[in-house]
Amino acid sequence: MSANQADKTYNVLFLCTGNSARSIMAEALLNTMGKGRFNAYSAGSQPGGTVNPLAVEQIKSTGYPVEKLRSKSWDEFAAPGAPQMDFIITVCDNAAGEVCPIWPGQPISAHWGFEDPAAATGTDEEKRAVFSKVARQITTRVNIFNSLPFHTLEKTAIKREMDAIGASQV
Numbered sequence: 000m001s002a003n004q005a006d007k008t009y010n011v012l013f014l015c016t017g018n019s020a021r022s023i024m025a026e027a028l029l030n031t032m033g034k035g036r037f038n039a040y041s042a043g044s045q046p047g048g049t050v051n052p053l054a055v056e057q058i059k060s061t062g063y064p065v066e067k068l069r070s071k072s073w074d075e076f077a078a079p080g081a082p083q084m085d086f087i088i089t090v091c092d093n094a095a096g097e098v099c100p101i102w103p104g105q106p107i108s109a110h111w112g113f114e115d116p117a118a119a120t121g122t123d124e125e126k127r128a129v130f131s132k133v134a135r136q137i138t139t140r141v142n143i144f145n146s147l148p149f150h151t152l153e154k155t156a157i158k159r160e161m162d163a164i165g166a167s168q169v
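Heads up, the sequence shown is in numbering that gives the first Met the number 0, so the first residue is 0 and it goes up one at a time.
Just to be clear, a hint being listed does not mean it is correct.
[What the hints assert, rightly or not] Simulated crosslink set (SDA-like; lysine to any residue; CA at most 25 Å straight-line):
| id | residue 1 | residue 2 |
| --- | --- | --- |
| 1 | K132 | G48 |
| 2 | K59 | T49 |
| 3 | K132 | E114 |
| 4 | K154 | N142 |
| 5 | K7 | P106 |
| 6 | K158 | D74 |
| 7 | K158 | V129 |
| 8 | K71 | P82 |
| 9 | K34 | L68 |
| 10 | K132 | D115 |
| 11 | K132 | A119 |
| 12 | K59 | A128 |
| 13 | K71 | H110 |
| 14 | K126 | T139 |
| 15 | K67 | G33 |
| 16 | K67 | V129 |
| 17 | K7 | Q105 |
| 18 | K132 | L68 |
| 19 | K71 | G33 |
| 20 | K154 | S108 |
| 21 | K34 | K132 |
| 22 | K59 | A118 |
| 23 | K34 | T151 |
| 24 | K7 | D162 |
| 25 | K7 | G33 |
| 26 | K34 | G165 |
| 27 | K154 | D92 |
| 28 | K71 | A117 |
| 29 | K34 | R135 |
| 30 | K132 | S167 |
| 31 | K34 | R159 |
| 32 | K7 | T138 |
[To be verified] Estimated spans, in silico, between C-beta atoms of each pair:
| id | residue 1 | residue 2 | range |
| --- | --- | --- | --- |
| 33 | T122 | A81 | 36 to 42 Å |
| 34 | G62 | P82 | 19 to 25 Å |
| 35 | R127 | R159 | 33 to 39 Å |
| 36 | S60 | K154 | 19 to 25 Å |
| 37 | P148 | A81 | 24 to 30 Å |
| 38 | K154 | K67 | 26 to 32 Å |
| 39 | T8 | P100 | 39 to 45 Å |
| 40 | E114 | S72 | 21 to 27 Å |
Just so you know, these hints were derived from the structure itself, not from any lab. Nothing here was measured: the structure is a model prediction, and the numbers come from that model. The beta carbon of each residue, even a glycine, is placed where N, CA and C say it ideally should be.
Throw the hints in and build the complete structure from the sequences for me.
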């Protein structure tokens with residue numbers, strides 16, 4: 000292993016249809032928990048244009064700067080000059096089934112499905128409870144992902160590990 004492999008910063012794109020809650024929370028959590036090892040981004044196939052306020056509440060507790068968060072199209076990351084992704088992770092079942100842009104560099108992809116907290120109904124406290132549960136589930140998977148020794152694994156082993164993370168019960 001060379002020194003630059005161990006010190007590599009990986010680009011990760013979390014995708015969801017609306018880019019308002021799950022993918023945004025995953026972006027913030029990986030950027031926080033990765034401690035500079037990752038540049039995490041999020042985007043949607045049909046972004047709603049706003050970040051869900053309850054997702055912002057969850058992110059604030061991590062210390063991540065919420066002013067950086069915005070709902071955006073995945074087209075931004077397929078455009079010339081966009082950061083080249085090492086990993087693409089879908090976090091909603093709709094995005095997993097959609098035809099994605101062609102990503103430069105053949106990033107490793109995986110699907111980590113989570114319930115849509117933005118679809119929660121009930122009182123504000125009931126909705127907050129769903130957002131909190133999904134944030135904990137994302138945190139668990141991001142923590143496992145963050146602990147993978149990417150510099151020692153072959154691409155197929157990384158793909159297998161990422162798929163296993165997505166299949167795990169959280």
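Right, here's what the structure says about each hint:
A distance of roughly 24 Å separates the Cα atoms of K132 and G48; the hinted pair therefore holds under the 25 Å criterion. For the suggested pair K59 and T49, the alpha carbons sit about 16 Å apart, so the restraint of at most 25 Å is met. About 10 Å separates the Cα atoms of K132 and E114, which keeps this hinted pair within 25 Å; it holds. Using a Cα cut-off of 25 Å, the hinted pair K154 and N142 holds, with the two alpha carbons roughly 19 Å apart.
Among the hinted pairs, K7 with P106 is consistent with the structure: their alpha-carbon atoms are about 15 Å apart, no more than 25 Å. A distance of roughly 24 Å separates the Cα atoms of K158 and D74; the hinted pair therefore holds under the 25 Å criterion. Between the alpha carbons of K158 and V129 the distance comes to roughly 29 Å, so the proposed pair goes past 25 Å and is violated. Restraint check for K71 and P82: satisfied, since their Cα atoms lie roughly 15 Å apart, inside the 25 Å limit.
Pair hint K34 plus L68 holds up; C-alpha atoms about 18 Å apart against a cutoff of 25 Å. Our distance criterion of 25 Å between C-alpha atoms is met by K132 and D115, whose separation comes to about 11 Å. Restraint check for K132 and A119: the C-alpha separation of about 12 Å stays at or below 25 Å, so the hint holds. For the given pair, K59 sits about 16 Å from A128 by alpha-carbon distance, which is consistent with the 25 Å threshold.
For the hint pairing K71 with H110, the CA-to-CA distance comes to about 20 Å; that is within 25 Å, so the pair holds. For a cut-off of 25 Å, the pair hint linking K126 to T139 stands: about 20 Å separates their Cα positions. Restraint check: the Cα-Cα separation between K67 and G33 comes to about 17 Å, which is no more than 25 Å; the hinted pair holds. Distance restraint check for K67 and V129: the Cα-Cα separation of roughly 24 Å lies within the 25 Å cut-off, and the hinted pair is therefore satisfied.
With a CA separation close to 17 Å, the supplied pair K7 and Q105 stays within the 25 Å bound. For the suggested pair K132 and L68, the alpha carbons sit about 20 Å apart, so the restraint of at most 25 Å is met. Restraint check for K71 and G33: satisfied, since their Cα atoms lie roughly 22 Å apart, inside the 25 Å limit. The straight-line distance between the Cα atoms of K154 and S108 is roughly 11 Å, inside the 25 Å bound, and the hint therefore holds.
Straight-line distance between C-alpha atoms of K34 and K132 comes to about 23 Å, which keeps the hinted pair within the 25 Å bound. Note on K59 and A118: the hinted pairing holds, with a Cα-Cα distance of about 21 Å set against a maximum of 25 Å. Between K34 and T151 the alpha-carbon distance is near 19 Å, which keeps this suggested pair within the 25 Å criterion. Pair hint K7 plus D162 holds up; C-alpha atoms about 22 Å apart against a cutoff of 25 Å.
Of the pairs offered as hints, the one joining K7 and G33 holds, with about 12 Å between alpha carbons and a cut-off of 25 Å not exceeded. Distance hint between K34 and G165 is fulfilled; the C-alpha atoms sit about 22 Å from each other, no more than 25 Å. As the CA atoms of K154 and D92 are separated by approximately 24 Å, the hinted pair is consistent with the 25 Å bound. A distance of roughly 17 Å separates the Cα atoms of K71 and A117; the hinted pair therefore holds under the 25 Å criterion.
For the hint linking K34 to R135, the alpha-carbon distance of about 18 Å falls within 25 Å, and the restraint holds. Proposed proximity of K132 and S167 is supported: the alpha carbons are some 15 Å apart, at most 25 Å. Note on K34 and R159: the hinted pairing holds, with a Cα-Cα distance of about 24 Å set against a maximum of 25 Å. Taking the CA atoms of K7 and T138, the gap is about 22 Å. The hint holds against a cut of 25 Å.
Roughly 40 Å separates the CB atoms of T122 and A81, a value that falls within the hinted 36 to 42 Å. A hinted range of 19 to 25 Å holds for the C-beta pair G62 and P82, which are about 23 Å apart. Between R127 and R159 the beta carbon distance is about 35 Å. The supplied range of 33 to 39 Å therefore holds. Separation of S60 from K154 is about 35 Å and departs from the stated range, judged on CB atoms against 19 to 25 Å.
Remark: the range hint 24 to 30 Å for P148 to A81 is upheld by a beta-carbon distance near 27 Å. As the Cβ distance of K154 to K67 is approximately 30 Å, the hint placing it in 26 to 32 Å holds. With their beta carbons about 22 Å apart, T8 and P100 fall outside the hinted range of 39 to 45 Å. At about 23 Å, the CB distance of E114 to S72 agrees with the hint of 21 to 27 Å.
In this structure, the earlier hints numbered 7, 36 and 39 are contradicted, and the remaining ones agree with it.
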